[in-house]
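J.: Sequence:
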Amino acid sequence: MRALRSIRLALNPITLSSRLQQQRRCKSDHDSFLTQTSSQYIEHLFSKWRKDPSSVPESWDVYFRKVESGAPLGPSPRKSSLKSSSKMQDVPANLLGAQRIEYDLMTKPRVRLKSEAEIQGEAYVESTLDINATIRSYQARGHLIADIDPLGIQNPDSARLQNTSDLPPRLVVREHLKGMTETDLNREFPLGTITVIGGDRETLPLREIIKRLNKVYCGHLGLEYIYIHDSTVLEWLRYKFEIPGAWELAADHRKWIWVNIMKAVTFENFLAKKYGTEKRFGLEGCESFIASMAQCLETSSEQGVETVAIGMAHRGRLNTLVNVCSKPLHQLLTQFKPISLEGLGSGDVKYHLGTCAERVLERSGKKMHVSVTANPSHLESVDSVTVGRVRAEQVEKGDIKGQKSLAILVHGDAAYSGQGICYETMHLTKLPDYTTGGVIHSVINNQIGFTTDPRYSRSSAHCTDIGRIVNAPIFHVHADDPDLVAYCSKVASEYRAEYHNDVVLDIVGYRRNGHNEMDEPMLTQPLMYKRIQSHPNVLAIYTDKLLKEGLIDEAFLKEETDKYLAHCESEFEKAKEISSMQMADWHDVPWTDFFSNQSPTNPIPSTGIENEDIQTICKHVSTPPEHMKLHTMVHRMMDKRRKLSESRQIDWAMAECLAFLSLLKDGHHVRLSGEDVERGTFSHRMHILHDQEKDKTWVNLLNDVFPGQATYTVSNSSLSEYGVCGFELGYSSYNHKNLVLWEAQFGDFANSCQVILDNLLCSGQSKWGRQVGLILLLPHGMEGQGPEHSSARLERFLQLCDDEPGHDDSDDSPTRQLFHVNWIVCNLTTPANLVHALRRQILMPFRKPLVIMTPKSLLRHPLAQSSFDEIGPGTSFRPLIPDQAVKPEGVRKILFCSGKVYYELYAERKEKGLENEIAILRVEQICPFPYRLVAEQVSKYPKCKIMWLQEEHRNQGAYHYVRERLAHALNLSLEEVRFGGRPSSASPATGSKVIYENERRDMLAAAMDLNR
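Take the sequence shown: its position 232, counting from 1, is numbered 232 in the UniProt record's numbering, and each next residue is one higher.
Read the hints as simulated data drawn from the structure, not as lab findings. A virtual CB, placed ideally from N, CA and C, is assigned to each residue, including glycine. Wrong hints could be hidden among the right ones.
[Claimed, not checked] Using 35 Å as the maximum straight-line C-alpha spacing, the simulated DSBU-like pairs for lysine-lysine come out as follows:
hint, residue 1, residue 2
1, 548, 563
2, 576, 273
3, 211, 397
4, 629, 279
5, 629, 696
6, 548, 211
7, 273, 404
[What the hints assert, rightly or not] Now the in silico label distances, taken between C-beta atoms and shown as ranges:
hint, residue 1, residue 2, range
8, 450, 152, 30 to 38 Å
9, 572, 716, 28 to 36 Å
10, 201, 400, 17 to 25 Å
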């Protein structure tokens, strides 16, 4: 059938239509005539037909035979009210005979006269082109006036259109059918290759064409897909929606939909009755979302999906937990009463918690693992976290195409268009190391953002326009039409499985209550809420529809409703007996065995590496791969590494290689992600080596080093901090055995993902019991590069630490401090400590995020090197590095510092000849603070002055965090812990080289001043 259509319409209607429109704009006295292009085309076809009728499309053969036989062809071009008739009205009477002179649009009349067949053929072609242009207009713009709003506010005329469906809406068709008459409506036209609304029919009356187009594109569905580049996808979608009867669902399917709608509505009513004064952020007004989610699970399961991870904000979350994820209702109801909390952490409100469960699907009977990711009130911040978690599962299971694991992101309409993280997350969908094979985006569209009217909350026509950037088809669906909601959800799931791309479901409903149940919406939307008050809910509408159709009866609906209510009441009574909340009940990724073995007394094993492995790794990363033309800088770098390893030394880049490869050898997957991480922002890493003469030829230096080693993934990310950092957080949450690192291009840019850091990473365990070992590598240090390339804002990370100042760890086990702190913050000075810090993340019997202020200039500093002995068997991380170069007896001043400034102090002390008077102690791990080690080291020196020296400004850096801790460890007053560094400033660093040097000179002078 498709081949016949292609033959029937040999000329591309879109190309020809655009040509015609372009030529019609030419300034000419005779611009009402058909263009020369169509005339030549008709002449060409007619000439071919006379020689061989089979050489032209079948429709033209039929037409030319009618012309030759004198059979009626319908209205003649002179009388037709389509475009051709409007063109004839100004033509001189003497040109309206059986033959007509063909005019050149730009010059003078041509001599040859046209036959009547040619004249009628031209009109026939243009009429056909107008019809195809009309069809294309519906496909492209029908969504703009679709009847998708249950309240009838968005497009008040769209409902009228459904009652007069033989009229084309002007906004859609524009001028394509201007002057149309009743006769034209009854006339049949061939259907081009751009539509399948005819089903098996190749022609339809114009009236029927319009009727079907109105139903498909301007009814309860607003369909957006024409912008998709792939013609195969376009055809696939047309078949799903344009074929007559495609939307029809079987009776048992519709009864199943009704049950899901009933549960959604009954659940909300039950909570309102039992907990009327509690915030629930209910789903009232968009309950068909539950049927949509159930359908997505069923269809995805049919397509082979075994695991679904859902990321969503609080609107409808409780309903989703119970009716989609099969969360035991009694566990949820315990959150509505004050109960004790069992386990570590402070917990969170009920509509922020996550869960995971094994659900048995009703229609297919298949089992599916379904989870909801815990999420704060920062709405869309969970998006990239959920996608990252799914990607990690796919990598672990070898699910390359994303056929077994699926991410579903649920958005609010205002947040979807307003939050930049949505864009950042969607742009990951096709990137090789970030894709999950397509995400289903479902929008609970209640047409209002807190109190903001949609007319003032976005600049685009729809809240979902962001979906266009990745060629995602978008289905805008009337929420009070559950059959269509379910059908679109089915198609969306099939599309994602077939084409492995994102797809968007925009379920357009309303919000029956205010932002929360205690909010008064009439204050800001009085007219909307007057309409809502009189509008029946979707269950009443759908029940009435199915009763009228005889699909269900009163006995059925009473039985099903009573059964569900009885279940709710039973769970309500059961919840009364529960006196404490178990944090494990709300884990979105269960690490049952890992959690059960955790204890602050469990020792951390040595993080050293076997000598043989050190030699193997250093040799490998110092040897250029064969058969590749590498850049000279790579050869110089490898030559330097070779010389270092021959002297049993390593630098910063080699330390990373040693840590990563030693873990890879033991079966731990390592993933490093961020902007420019493959070579390193400062060209020090070079883990991906590119052939300089062959395009797309490169090698991953750390893969295939040891037999059977785990996979190393290093990937330059998109230019995104918020989205990518969240993605890596989600990735690290799936399997505690993976080492996952996110590196900022400069540590300063970490503030672009502050929501991830504040609301998910540093507090995730406290709120949701989620342990992750994500590592942040943040290049930090004053190098005279200005205010946005100097500081990772160390002070902010320390302020987010939950350890109490003044705690003495003298009686603690080595792991106790790490166990009780929310995350670890380090500012390292040696490659050896980097090796140990990275390996410790995996070897610890628990997981904590690790924040490392990584260096820039130290990457190549000749003193920033470590020996093999510092990373060999039996060695471990050193939270405090003492000063081995001075004799304690003559020391008059002790400088405590961390990070890169140590090497400046070391050089300045040597230059001033103060090696025997000033001791420099390096605090490598700032949080948790090494109280005992600090006290032990200072006790070796006679009484001397104590200064904390930092290159950051006084109101920044670590000073305010360490001051009280140093005082406690050394039994000093706060005044006795002096400050050395730059004065307070609103900016992290100056952009002036002169000021920078003056500040640096003053800082070093204060450090070397024995009287301060």
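J.: A separate judgement is required for each hint: does it hold in the structure or not?
T.: Results of checking the hints against the structure:
A hinted pair counts as satisfied when its Cα atoms are at most 35 Å apart, and residue 548 with residue 563 qualifies at roughly 23 Å. Pair hint residue 576 plus residue 273 holds up; C-alpha atoms about 16 Å apart against a cutoff of 35 Å. In summary, the hint linking residue 211 to residue 397 is not supported, as the alpha carbons are separated by about 49 Å, beyond the 35 Å threshold. Only pairs whose Cα atoms come within 35 Å are accepted, and residue 629 paired with residue 279 is rejected, the gap being roughly 64 Å.
For the hint pairing residue 629 with residue 696, the CA-to-CA distance comes to about 13 Å; that is within 35 Å, so the pair holds. Straight-line distance between C-alpha atoms of residue 548 and residue 211 comes to about 25 Å, which keeps the hinted pair within the 35 Å bound. Proximity of residue 273 to residue 404 is assessed by CA-CA distance (about 40 Å); at most 35 Å being required, the pair is judged violated. At about 23 Å, the beta-carbon gap between residue 450 and residue 152 misses the expected band of 30 to 38 Å.
Residue 572 and residue 716 have their C-beta atoms about 53 Å apart, which leaves the hinted 28 to 36 Å range violated. Hint check: residue 201 to residue 400, Cβ distance near 42 Å, so the stated range 17 to 25 Å is violated.
Going through the hint list in order, the structure does not satisfy hints 3, 4, 7, 8, 9 and 10.
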